[in-house]
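Residue numbers (our numbering), protein chains in the order written: chain E, 1015 to 1295; chain A, 110 to 364.
Among the clues, some could well be false.
Distance ranges between label pairs, derived from CB positions [stated by the list, open to error]:
#1 E:G1231 x A:G245: 26 to 32 Å
#2 A:T120 x E:W1104: 37 to 43 Å
#3 E:A1118 x A:A209: 49 to 55 Å
#4 A:I215 x E:W1104: 36 to 42 Å
Listed below are several chain A residues computed to face chain E (Cβ distance under 8 Å; list not exhaustive) [claimed, not checked]:
#5 L164
#6 S181
#7 Y182
#8 P184
#9 I189
#10 D190
#11 P194
#12 V195
#13 E199
#14 A207
#15 L239
Hints in this document: simulated from the structure, not taken from any laboratory. Note that the Cβ used here is the ideal one computed from N, Cα and C, for glycine as well.
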Amino acid sequence: MFEQTFIRLALIASVATGAMLSVMGTYLVIRRVVFMGLVLASAATVGAAGAQLFNWPPELGSIAASVATALGLGAIQRPRRISAESIMGWAYATASAATVLILAGTPGAGLDELHLLYGNLLAVSVSHAVGLVVLALVIGLLQILFGRRFLLVTFDPEAAQVAGVNTTFWSLSMNLLIGIATAAAVHEIGALLTFSLLTLAPTASLLAMRSIRSTFGMSAALGVVLACLGVVVSFHLDWPPGPTSVALLAVSVPLAAVVGWLRDTVPKIGDKPDAPDSAAH
Amino acid sequence: MTAEPVLIGRTLSLGYNQHALIRGLSFEVRRGEILGIVGPNGSGKTTLLRTMLGLQKPLAGTVERKASLAISYMPQRERIDAILPVTALEVVLMGRSARAGVLRRIHSEDRDVAQRALALVGGEPLGNRLYRNLSGGQQQRVLLARAIAADSEMLVLDEPTAGMDVASEAAMIAFLQELNRSQKLTIVIVTHLLPVVLNLASSVMLLGTHSILHGPLDEVLQEESLTELYGVPVHIGIIAGKRTLVVGRPGDHRV
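Turn these sequences into a full structure, and let the hints guide you.
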């Protein structure tokens, strides 16, 4: 199967999207805003649909819509009466409805446009695969350089702000990266797999891992391995690749929960029992 | 000689959505002072604290900080979502990295400072344990160590003894006094626990519904003012050298 060019390109796209989405998605899961992944994926599709109306490149529409949504969701002041999820729910419903309505009103919108919107992993072009790899490398580099800042504003943004960290800038930067990665991925792998890589791989990793470094590492590993495995399995079983990868990611979550439970309940050899809490002096 | 002011509030109105909880408040926090901010629920303690820290804009008035004043903030531990699998030592190191440049890596010197800060608060054995698995009191100490590790001139603590047992609370008070004395740290503490302020603060800001009292501890925290503020008889006594508080039922004249 690996002699086939389209399979090799699908695997390259899987590696790139699996790595960048699962790493950036870890921040979404930690910040408890996983729904934002779905909103961004939907924004990418509405952007692509909107671009059809004006005969613009759909990639441009996707990226513009995703970035605007990511920045908008980061900058918006949440009213005290509703939760952040409510705003995400509104954004998701709006984007989904707008996609359908725009497509319905676009003359000649058909299967090709739907593939464009929802992705087809087996139809990734060389230029798009190269673009995804470059983007994944850039995001990886930024994560290495600024990951500590991203964690600061994720763990305790107020204390970070008091200490002089520009939390608005770093939060928006984080959202911007997630928005760009999502927009780029949706075209190639579809909204469903994009959302799953953003949320399921980090969720499984958080359930199984016990350190921040291993959480990010395992998240990236799960994203890459399961996305690629999905391509291989789908090839042999003649299944659609995106949903196959999603199914594997979904199975990884309860398995990771079992691993985490075992790690919590089975003490390591040599572990000492916790000392009782003692006073400061 | 009176110490220089490091934080000055001028004719502040504080609140949310144009609804003022506090009006016309002016104050100064002086270097080396331990200021306790107390008051009943809803009196605006947290709003005042957030305004002092620059986390919230006042409805009117201004807050001026001494140039380059470095502040460390210890929030209530409930405000921190402990989903992140970080160790206690990594939390303390965040106090260092928040102050460091964007691209600066954590050095062994930072680790030493963080270890020392943890040791200062009695949290040395907690270093490698996950923050989320610690008890409430242990988490408070780790957050205090993070604030100390940042090497700031001013510590701002929001309910630092909330959820602590009496031994841990007494130890925290003694520790903060020692920190203030030995390192000349300015400390601002918000709490609803009056005994903590009685035994720790050098000055007090007492936030009431209709009035705000600010001044030296002994002038502000008097039985009359507390009785009027809380609407129940409040008596201040000294037991074994420590000030304590006895509260009667509404309508009682004797406690």
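Here is how each hint holds up against the structure:
1. Between G1231 of chain E and G245 of chain A the beta carbon distance is about 30 Å. The supplied range of 26 to 32 Å therefore holds.
2. A beta carbon spacing of about 40 Å between T120 of chain A and W1104 of chain E agrees with the range 37 to 43 Å that was offered as a hint.
3. The given range of 49 to 55 Å is respected by A1118 of chain E and A209 of chain A, whose C-beta atoms sit roughly 53 Å from each other.
4. With their beta carbons about 40 Å apart, I215 of chain A and W1104 of chain E fall inside the hinted range of 36 to 42 Å.
5. Taken as an interface hint, L164 of chain A checks out: its beta carbon lies about 6 Å from the nearest beta carbon of chain E, inside 8 Å.
6. Satisfaction of the interface hint for S181 of chain A is found here, the shortest Cβ-Cβ separation to chain E being roughly 7 Å, below the 8 Å cut-off.
7. Taken as an interface hint, Y182 of chain A checks out: its beta carbon lies about 4 Å from the nearest beta carbon of chain E, inside 8 Å.
8. A hinted interface residue such as P184 of chain A counts as satisfied when its beta carbon comes closer than 8 Å to some beta carbon of chain E; here the least separation is about 6 Å, so the hint holds.
9. About 5 Å separates the beta-carbon of I189 of chain A from the nearest beta-carbon of chain E, less than 8 Å, and the hint is met.
10. Given the 8 Å rule on beta carbons, the hint for D190 of chain A holds: about 7 Å separates it from the nearest Cβ of chain E.
11. With a cut of 8 Å, the hint placing P194 of chain A at the interface with chain E holds, because the nearest CB-to-CB distance is about 6 Å.
12. Interface hint status for V195 of chain A: upheld, as the beta-carbon distance to the closest one in chain E is roughly 5 Å, under 8 Å.
13. At its closest, the beta carbon of E199 of chain A sits 7 Å from a beta carbon of chain E; the interface hint therefore holds under the 8 Å criterion.
14. Annotation: A207 of chain A was flagged as interfacial toward chain E, and the flag holds, the nearest CB pair being 4 Å apart, inside 8 Å.
15. With 8 Å as the threshold, the beta carbon of L239 of chain A comes within range of chain E, its nearest partner Cβ sitting at about 6 Å, so the hint holds.
In this structure, every one of the numbered hints holds.
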